Every structure is written in structure tokens, then in C-alpha cells.
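*Asks:* Sequence:
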Amino acid sequence: MRRLAATVLLTLTLAAPALAADRNVKLTLDGRPVDRAGGIAVLHNGVIYADVVDLVKAFDGLLTFQGPATVVTINGVTARFTLGSRTATIGDGAITMPGQTFRRNGDVYVPLEIFITRVANAKVKTSPDRTRADILVNANPVS
Numbered sequence: 815m816r817r818l819a820a821t822v823l824l825t826l827t828l829a830a831p832a833l834a835a836d837r838n839v840k841l842t843l844d845g846r847p848v849d850r851a852g853g854i855a856v857l858h859n860g861v862i863y864a865d866v867v868d869l870v871k872a873f874d875g876l877l878t879f880q881g882p883a884t885v886v887t888i889n890g891v892t893a894r895f896t897l898g899s900r901t902a903t904i905g906d907g908a909i910t911m912p913g914q915t916f917r918r919n920g921d922v923y924v925p926l927e928i929f930i931t932r933v934a935n936a937k938v939k940t941s942p943d944r945t946r947a948d949i950l951v952n953a954n955p956v957s
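According to this note's numbering, the residues represented by the sequence shown are 815 to 957, in order.
In case anyone wonders, no lab produced these hints; they're calculated from the structure. Since we're looking at a predicted model, the values are computed, not measured. Positions of the beta carbon are idealized from the N, C-alpha and C atoms, including for glycine. Some hints here could point you the wrong way.
Claimed, not checked - Ranges between beta-carbon positions, derived for each pair:
| id | residue 1 | residue 2 | range |
| --- | --- | --- | --- |
| 1 | Pro942 | Gly852 | 15 to 21 Å |
| 2 | Gly913 | Arg946 | 15 to 21 Å |
| 3 | Asp943 | Ala908 | 27 to 33 Å |
To be verified - 20 Å max Cα-Cα, derived EDC-like pairs, lysine to aspartate or glutamate:
| id | residue 1 | residue 2 |
| --- | --- | --- |
| 4 | Lys871 | Glu927 |
| 5 | Lys939 | Asp849 |
| 6 | Lys840 | Asp921 |
| 7 | Lys871 | Asp943 |
| 8 | Lys937 | Asp844 |
| 9 | Lys937 | Asp874 |
| 10 | Lys871 | Asp948 |
| 11 | Lys939 | Asp844 |
| 12 | Lys937 | Asp836 |
| 13 | Lys937 | Asp948 |
| 14 | Lys939 | Glu927 |
| 15 | Lys840 | Asp948 |
| 16 | Lys871 | Asp844 |
| 17 | Lys840 | Glu927 |
| 18 | Lys871 | Asp849 |
| 19 | Lys840 | Asp868 |
| 20 | Lys937 | Asp849 |
| 21 | Lys840 | Asp906 |
| 22 | Lys937 | Glu927 |
| 23 | Lys871 | Asp921 |
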């Protein structure tokens, strides 16, 4: 019986994917650091996320917390991100994000690309190794 339990445990351990620790991503806005101390953008489960409060500040938007939801308005575009959900409501529609909104050290993190392209109406370019993300508002991206 012990041998069977050990075999099952070993099989489950090998089949479970290893989760890498979150890694900081350097975030810039038109070439300028968004946060000199770093840590507002992270690579989490293969998706680049950023602290929603810092993003809203960078775009001079409005932010409210409504229970588990964070509601953001930037230049007339309103979005609702709910903790633990992969669905965001932007304007009158809903979209599926590449990952869930989550809380880390008391801060709410949302998928960066969705926020930038759908809410802030800007562009984002990430480095191939995903250690840097450049938000492009007033600059033309280099192809």
C-alpha cells in the first residue's frame, strides 16, 4: 500500500507544472521609467501584469474600488477588473484576459497589454525575454 501511495505521489509531482517566481519587469512610458524603484510590473504565470494604481496615475485617470472590483476610467473609457477573474468589462463589452486580476502585497495587478491597448488606447512593446515593457503613447514604435 505504501508503495502504491509513493508511486501516485511521484506521478502527481512529475505531472504538476513548476511555478516560477514572479519576476520584475522594467516598465517605461515613452522611454521614461514609470517607477524608478521597480516592482510595479511583474511577469506572473507567463503574463506581464502591472499595478493598476500606478497605471491610472501614469495616464491621469480615475480609479475606484467597488468590493472585489477595480473600476478605471481613462479618457472616457471605463473598465472593470474583478479580483480572481479573467473577464474584464470595458465599455459595454466583456473580454477574456490572458490571466486573472490578482492582489499582491495589497496592490491590484491587471494584465498590462489589456490595460494599455483597450483602456488607455496606447501601444505596448515587450522585449523578447519579457524583462522590459515599453508603453508607447507619443512615440512611434520601431519595427
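*Asks:* Are the hints correct? Go through all of them and say.
*Replies:* Here is how each hint holds up against the structure:
Checked against the hint of 15 to 21 Å, the pair proline 942 and glycine 852 passes, with Cβ atoms roughly 20 Å apart. Distance hint for glycine 913 and arginine 946: a CB-CB separation of about 19 Å, consistent with the stated range 15 to 21 Å. Between aspartate 943 and alanine 908 the beta carbons are some 32 Å apart, a value that agrees with the proposed interval 27 to 33 Å. With a CA separation close to 17 Å, the supplied pair lysine 871 and glutamate 927 stays within the 20 Å bound.
This hinted pair checks out: lysine 939 and aspartate 849 have alpha carbons roughly 17 Å apart, not beyond 20 Å. A C-alpha spacing of about 17 Å is found between lysine 840 and aspartate 921, which places the hinted pair at or below 20 Å, so the restraint holds. Pair hint lysine 871 plus aspartate 943 does not hold up; C-alpha atoms about 27 Å apart against a cutoff of 20 Å. Of the supplied pair hints, the one linking lysine 937 and aspartate 844 holds, its CA atoms being roughly 10 Å apart against a limit of 20 Å.
Proposed proximity of lysine 937 and aspartate 874 is supported: the alpha carbons are some 17 Å apart, at most 20 Å. Distance check on the hinted pair: lysine 871 and aspartate 948 sit about 16 Å apart at the alpha-carbon level, within 20 Å; holds. Straight-line distance between C-alpha atoms of lysine 939 and aspartate 844 comes to about 11 Å, which keeps the hinted pair within the 20 Å bound. Between the alpha carbons of lysine 937 and aspartate 836 the distance comes to roughly 23 Å, so the proposed pair goes past 20 Å and is violated.
Proximity of lysine 937 to aspartate 948 is assessed by CA-CA distance (about 8 Å); at most 20 Å being required, the pair is judged to hold. Among the hinted pairs, lysine 939 with glutamate 927 is consistent with the structure: their alpha-carbon atoms are about 9 Å apart, no more than 20 Å. Restraint check for lysine 840 and aspartate 948: satisfied, since their Cα atoms lie roughly 8 Å apart, inside the 20 Å limit. Distance restraint check for lysine 871 and aspartate 844: the Cα-Cα separation of roughly 15 Å lies within the 20 Å cut-off, and the hinted pair is therefore satisfied.
At most 20 Å may separate the alpha-carbon atoms for a hinted pair to count; lysine 840 and glutamate 927 meet this at roughly 14 Å. In summary, the hint linking lysine 871 to aspartate 849 is supported, as the alpha carbons are separated by about 11 Å, within the 20 Å threshold. With a C-alpha separation of about 13 Å, the suggested pairing of lysine 840 with aspartate 868 holds against the 20 Å cut-off. Between lysine 937 and aspartate 849, the direct Cα distance comes to roughly 18 Å. Compliance with the 20 Å bound is thereby established for this hinted pair.
Restraint check for lysine 840 and aspartate 906: the C-alpha separation of about 32 Å exceeds 20 Å, so the hint is violated. Straight-line distance between C-alpha atoms of lysine 937 and glutamate 927 comes to about 8 Å, which keeps the hinted pair within the 20 Å bound. Proposed proximity of lysine 871 and aspartate 921 is supported: the alpha carbons are some 14 Å apart, at most 20 Å.
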